[in-house]
Amino acid sequence: MEGLFFENTMDGRNRSDIRIGGYVGIVLKQHQRTGEITEGIIKQILTKSTFHPHGIKVKLEDNKVGRVKEIID
56 MEGLFFENTM
66 DGRNRSDIRI
76 GGYVGIVLKQ
86 HQRTGEITEG
96 IIKQILTKST
106 FHPHGIKVKL
116 EDNKVGRVKE
126 IID
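Residue numbers for the sequence shown follow our numbering, beginning at 56 and rising by one.
No lab work stands behind these hints: they were computed from the structure. Be a bit skeptical, because a hint or two may be false.
Below 25 Å or equal to it, Euclidean Cα-Cα: the simulated DSS-like pairs (lysine-lysine) are [said to hold, decoys possible]:
(1) 84 x 124
(2) 119 x 103
(3) 98 x 119
(4) 103 x 124
(5) 112 x 124
(6) 112 x 98
(7) 84 x 98
(8) 114 x 124
(9) 84 x 103
(10) 84 x 114
(11) 114 x 98
(12) 119 x 84
(13) 84 x 112
(14) 114 x 103
(15) 98 x 124
Just need the whole structure built from these sequences, with the hints factored in.
Written out as structure tokens, the structure is:
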């Protein structure tokens, strides 16, 4: 069952780790292939589930939307 457990790390996959006003690094849809990180402050949390394997989807204050890859602040 390797790879089927969820680590409890603050890498952006657990909704409980994400806070409005938090500073994060996200990957925009158009940058998924390259993995380019865009940093910003969370305005809205879009993913409703408690966990997402590719990262919780958020909207930043500048209205960019992407999945959280790292929690900076």
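Numbers of the earlier hints that this structure fails to satisfy, in rising order
none
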